[in-house]
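Visitor: Once you've looked at the hints, dock chains B, C and D against the given chain A.
Residues per chain, in single letters:
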Amino acid sequence: MTDTQMDVDQFRAEARAWITSNLERRPAGADAEARGVRTDEEIVAARALQRRLFDAGFAGITYPAEYGGRGLTAAHERAFREESADFVMPDFGAVGGVTVGPIGRSLLEHGSPEFLQWHIPRILSGETIWCQFYSEPEAGSDLAGIRTRATRDGDQWLLNGSKIWSTGAFHANWAMCLARTDWDAPKHRGLTWFAVPTNAPGLTIRPITQINGTAEFCEEFLDEVVVTDADIIGEVNHGWSVTQTMLVYERGAGESGVSLMEPRELAPDLVELARRGGRTDDPAIRQAIARAHVADYAQFHLGARIAARLRSASTPDPAVAAYSKLARGVYTPLRARAAIEIGGSDALTWPEGDDAGQRPAIDYLNGRIVSIAAGSNEMQRNGIGERVLGLPREPSFDSSIPFNEVLRKSRGWNGRVG
Amino acid sequence: MTDTQMDVDQFRAEARAWITSNLERRPAGADAEARGVRTDEEIVAARALQRRLFDAGFAGITYPAEYGGRGLTAAHERAFREESADFVMPDFGAVGGVTVGPIGRSLLEHGSPEFLQWHIPRILSGETIWCQFYSEPEAGSDLAGIRTRATRDGDQWLLNGSKIWSTGAFHANWAMCLARTDWDAPKHRGLTWFAVPTNAPGLTIRPITQINGTAEFCEEFLDEVVVTDADIIGEVNHGWSVTQTMLVYERGAGESGVSLMEPRELAPDLVELARRGGRTDDPAIRQAIARAHVADYAQFHLGARIAARLRSASTPDPAVAAYSKLARGVYTPLRARAAIEIGGSDALTWPEGDDAGQRPAIDYLNGRIVSIAAGSNEMQRNGIGERVLGLPREPSFDSSIPFNEVLRKSRGWNGRVG
Amino acid sequence: MDTDASADQRELLDVSRRFMENSCPLRAVRDGVWRDGSFAASYRRQGAELGWFSMFVPESLGGGSISGNGALDAALIAYHRGRGLQPGSFVGTNVVAAALAAAGSDELRAAVLPALISGEASASWAATSSGGGGRVENGVHATSRADGSFELHGKKAAVQDIDPSTWLLVTCGTADGPMQSLVPADAAGVSVTPLASLDLTRRFAEVAFDGVHVPATAVVGEPGTCGALIERQRAIACTLIAAEMVGAMDQDFETTVQYAKDRIAFGRPIGSFQGLKHQLADTSLALEMSKAIAVAAARTVGTDGDEHGPQAASMAKAFVSEAGIDLVQTCFQVYGGIGYTWEHDQHLFLRRITMDAGLFGDGAWHREHLCQLAGL
Amino acid sequence: MDTDASADQRELLDVSRRFMENSCPLRAVRDGVWRDGSFAASYRRQGAELGWFSMFVPESLGGGSISGNGALDAALIAYHRGRGLQPGSFVGTNVVAAALAAAGSDELRAAVLPALISGEASASWAATSSGGGGRVENGVHATSRADGSFELHGKKAAVQDIDPSTWLLVTCGTADGPMQSLVPADAAGVSVTPLASLDLTRRFAEVAFDGVHVPATAVVGEPGTCGALIERQRAIACTLIAAEMVGAMDQDFETTVQYAKDRIAFGRPIGSFQGLKHQLADTSLALEMSKAIAVAAARTVGTDGDEHGPQAASMAKAFVSEAGIDLVQTCFQVYGGIGYTWEHDQHLFLRRITMDAGLFGDGAWHREHLCQLAGL
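Residue numbers (the numbering used here), protein chains in the order written: chain A, 1 to 418; chain B, 1001 to 1418; chain C, 2001 to 2376; chain D, 3001 to 3376.
Looking at chain A on its own, in the form it has when it is part of the complex (with noise of 0.2 Å):
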């Protein structure tokens, strides 16, 4: 029997024996953090951890053997997180989620055999972490215009540009960072990814705070960073089919929002909000929370109406799945704003230091990040509009002329075309 075929309950057996004796147990109400930032030394702690997971054989249990992995399936896997659910694991918040998720899989996907044997090893072992360099503060919704540019130098490229949003840069050791290697050729057809050391001279990463007060992402300058033909990932010039992959596992994981189970009681949060305020009683409010509760259970159906037809359909269709992404655009902001009004000078005003007492807040001011990031609420609108209904096609001006070009028309717009 190879590994690959490794019956599941007699891997869930070794894994709990393991587990059990080399894992502390989780304390009771200690709810992982699905996201966020952790601090130095959780991240330290974490590396430990990962290191010990990699040298029993639990880490990359879905990854191939020959790069450090357990060459297992999605089975395998499941059974070790039911087994573990209990124990302290290694957390290294959203970067370490990126860094096995979209990035490690566009790596084994597109990254050659010698890259793949030096770096994937080191991912799993927990000695390094990876993030993205890719949005730009001139590339946001529109994904395919990065202006950093790669240019050849001798047998070296050099990259120029800045990035942003980089989730957890600042404790990442490599990234993985698009940049443009052909102006003459159309949007599309003219990037290249590379991975780049975060130590590398010419760098600078500096956390960007946000407006809640944290700072979980970085914006990135590269000035004349020397990478080599052996940091290339994937082909020069065919970046975009790297990007596919990387969407594909980046849109898997921002589906994990959505609630598990069917909310039935009436919106709690809100619930207790009016009640901190006495407002219980109040028509206005009654309303708010109502609607708040049947926009819940709408969404957690839709969500599952929509699953359901991905899995049953002959040929899937990924783009239906932009209605789950537009439903949480458009409903997350207004259950905020509904928090708010319910909560009225509670949820304005609170103690200072009154963790509770500002969630409201908190939660209204990220309330959009779900409305712009990852592909906006108008992204989704257009994807359903063409890709789900059928509608005819914006008129696209940056597709088939050179980038280059772009960038010069588009600052001479007028709107003239036939």
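These are calculated hints, taken from the structure and not from any lab test.
Even glycine gets a Cβ: it sits at the ideal position worked out from N, Cα and C.
Please note that the accuracy of each hint is not assured.
[Unchecked claim] In silico lysine to any residue, SDA-like type, Cα no more than 25 Å apart, as pairs: (1) A:K409 x D:A3265; (2) D:K3155 x A:P351; (3) C:K2155 x B:G1357; (4) D:K3261 x A:E138; (5) B:K1409 x B:S1162; (6) A:K409 x D:D3262.
[To be verified] Across the chosen pairs, the derived CB separations fall in these ranges: (7) B:A1215 x C:R2018: 35 to 41 Å; (8) A:D269 x C:G2227: 25 to 31 Å; (9) D:D3014 x B:G1213: 55 to 61 Å; (10) A:R275 x C:G2305: 26 to 32 Å.
[Unchecked claim] Stretch-level coverage of chain D by chain B, calculated; a stretch enters the list once three of its residues show a Cβ under 8 Å from a Cβ in chain B: (11) 3267-3274; (12) 3293-3303.
Guide: Here is chains B, C and D on its own, set in the frame of chain A:
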């Protein structure tokens, strides 16, 4: 003292004297309907009464004297209106307003002297009523997308095509008809206006039943309808400048829908509706009533503000008038919907023949007219976006290429430009 | 919503769908053939043969459903009824059949259930009072007599599709709380006055009760103890109306999207303009959410022992009622002038969906109701 | 809203505007210079010299306004204050000055009004209780003593900009209905606990009253007879807050429109896409309506003998509160990621406008209030 300088007070006295000894007092409580259809009998009566005004010199008070008008100022006209407010005046319904408003004014500005000498006295004396053959089944918001064609045939023109939304065409003697005379010119540059007698061979006029069950508008079919050069209004292929004149007067007329009095009483019609159903204590109903009232109040003051802005500006920007139109287009359907919700089953069902009872339903069915007709909400949003806010233009695919080509290209639309 | 159907359900649906398309296509709905008594009776009997009125009645009483979840089966049929703006008392008959099965006396069940299931008779729930809203006991009051019978006085508004053979389930107030009874539409003291309505695809009437005598055997829910029964009836009614609305919405939206593809203005199909495209995308989202919530409500209402039915149904009715009116208004805007013409079908959908949104409680009513169900 | 100003008013406005730009530009607001006591005092005195706190006080009491319509003058200044997110108790001081002028004892007027008008002291209306809403007497209760004095117990929430020199107008409940009194912020039994808030441009505090003694001369509106006075205060507060909001909205919207013109994506400025253009046009309509209704409220509130002031102010507050939040949300969406960065000013506007929307009653509260004012 010439007629045009004639003192307003003197004119008012003259008018009052004639009115009191020649016109009937209006029965108390009988408001003249500003819009809508009149019966054939009412039209006959209106013609006779108009003739008496004309003979007495009180028709077309601001129209030039050489064409049968009085050649006086708007102040004289207002004085006459004030004096005659309590008397029975000629009432042709909506088509009467169209005849002496947008049509009469456009004719005066663009018609030849011979044309005007023949037509204007007939209009002012009530002998001829006019309608517009303007919108087409395939040209609504796209006002310059006219496809009715006028082709030269010796020294005549042959009109072929179809028109729609002609207010009260069944009562009209003449129509002002827009047709394309050059298919190789860009869309705005190949149009010509013709005067067409409604009894011309080849012309069919058919009333359109609206969703509220009435018929205020008509559609027309033109099959080789013959007109001559003498019927041309303005110049061949320069119809668009006539259109501009016409639109100014149409929009002016459109403004008359705004109430003249600050609405201080809490939406009386909606309160009455709630009372009838015994629902004045329902908090959601109260919210709906107050919301509608606040919107009424804000709309009134928006209108006043915009009027003041148009009056005071050294270079008045008619684009800001789009705000009033958009406000009506947005709030009218919302208010009609609120009434349905406030009335509940009393608004959804009513005793057969109960005119007051069916009012909310009729208003609901009519609620979107103002969102669509005379420039849809979307057109107003474009206008505000580009001409008030100065946002960059939409790409235009049809403004500078031959209209023939526009039609061909639009069928093969694929959105690819650059 | 057919994607939510099992293979068995799909077969049932296909037959029902073909029946509707053949016997009462949209053209016939528009022409009002269903106002004719013999057409209505024949249409009802044929629907009954397809199982339309047995789904909320247990097999022991002569009913039954394909999937074992009668509410889901009925909702799938309701969806197709909505697509075709089908006439007749589908919702009412099923609600009354469910109520009889749950709480009718043996005599009453024996006398009425077979006729409802076979389509010989129809039924309607006389629930709404002037002004509407969801307080179903308002408008009519019952006084009890010494022999256990009752006398009804008052009026119900907007009662749907009454024929002479129709059974009226009258929910009314008493000194001891709400009660219900089953009354023939032609009973002494009942007078039915047809009403005009916004909806052109169904009939509504005002029903006056002037000392109508109700024997004890005709009681369907005793005074003060029938709260749960009424809640159950409302859940069934709201679930099926929501499903009918979703069908009508789906149909209206499909033709509107097609129009946006075909209609040319400014040298482009109008659906290529983001202004319209984004409106249609938002509407499409609301429609997908409406389908999801309507199916969820049907599943829940039809699952034995699941006590969340009233909540699920109220959520579906609240969401779909608002999404429905939003949708027809957006479709109207996309159609422009052509949608304002009598000949165009859009206004039939506009009217029907708006009417449905107001029946058995609108969005605001159900939101308040949800708070009360949650003990808030 | 300057287009609504007369020549005289414009002159006053220009001076005030320059003062704000010089002494407290947005950068200084962001840095929180206004938290410094001496800056706050100096800023207040300079504003006072420009007539900021005299407009609701008649000339006979040392006040006066340029145009004769003090509310309109104040609203025009408030608009510019909003544009620059200006700090300090402008609304509160004016409300309290108006209340004192209308209903203060001679002693109280003599002691307090000159200080308010000259900017030596500020004032704040302690009106809000936990949970907020517009019922201004909630949270604090007064018991009367034999000598005509009162004792206050309870708490007020979200009281704005309290300095040691601040006078608090406390609206509270009594057995005989609401009453009001003026209390120094440093009076015995008053404790002020600073609160964190969504808004980063002003200070808010919880104020506890623990047996605070109020002499009869400090009463500003006797128990049970000060309903109209409170209504008047609310009208002034809502009018000025609405005007401040409109200023902030106008400023935020202008920079957003500029961004939509400058930002390039997909080879075009993003403002050329109908999806954004139509959102901005709708927002612009709501903004123009907000300006119109705010000016209408100010005109009405400032016109002697016009009894429609409370209604006009409630309408303005209801409309602008919702339009304001809509607007900042739309601007956020247009800005995209950059608007989520601390360095960008957008969040300062988002925070301030959202805060204002909740002060002295949100949209829903004022709509219900309008029904009550109409006797419904």
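Visitor: Evaluate the given range 35 to 41 Å for the C-beta pair formed by B:A1215 and C:R2018.
Guide: Check passed, 37 Å falls within 35 to 41 Å.
Visitor: Is the distance from the Cβ of A:R275 to the Cβ of C:G2305 consistent with 26 to 32 Å?
Guide: The hinted range 26 to 32 Å holds for A:R275 and C:G2305, with Cβ atoms some 31 Å apart.
Visitor: So the hint says 25 to 31 Å: do the beta-carbon atoms of A:D269 and C:G2227 match that?
Guide: Between A:D269 and C:G2227, where Cβ atoms are some 29 Å apart, the hint holds.
Visitor: Would you mind confirming whether the straight-line C-alpha gap from C:K2155 to B:G1357 stays at or under 25 Å?
Guide: 18 Å, holds
Visitor: Within a Cα-Cα threshold of 25 Å, do D:K3155 and A:P351 meet the stated pairing?
Guide: 14 Å, holds
Visitor: Would the pair B:K1409 and B:S1162 pass a check requiring their Cα atoms to be no farther apart than 25 Å?
Guide: 22 Å, holds
Visitor: Check whether the Cα positions of A:K409 and D:D3262 lie no farther apart than 25 Å.
Guide: Between A:K409 and D:D3262 the Cα gap is close to 13 Å, so the pair holds against 25 Å.
Visitor: Can the stretch 3267-3274 of chain D be counted as covered by chain B under the rule of three residues or more with Cβ-Cβ separation shorter than 8 Å?
Guide: holds (count 6)
Visitor: Compare the distance between the alpha carbons of A:K409 and D:A3265 with 25 Å, and conclude whether the hinted pair is satisfied.
Guide: Answer holds: A:K409 to D:A3265 is near 12 Å, not above 25 Å.
Visitor: Checking C-beta pairs, does the stretch 3293-3303 of chain D have three or more residues closer than 8 Å to chain B?
Guide: holds (count 3)
Visitor: May I ask you to test the hint 55 to 61 Å on the CB atoms belonging to D:D3014 and B:G1213?
Guide: 59 Å, holds
Visitor: Do the alpha carbons of D:K3261 and A:E138 lie within 25 Å of each other, as the hint requires?
Guide: 14 Å, holds
Going down the numbered hints, you'll see the structure goes against none, and every one checks out.
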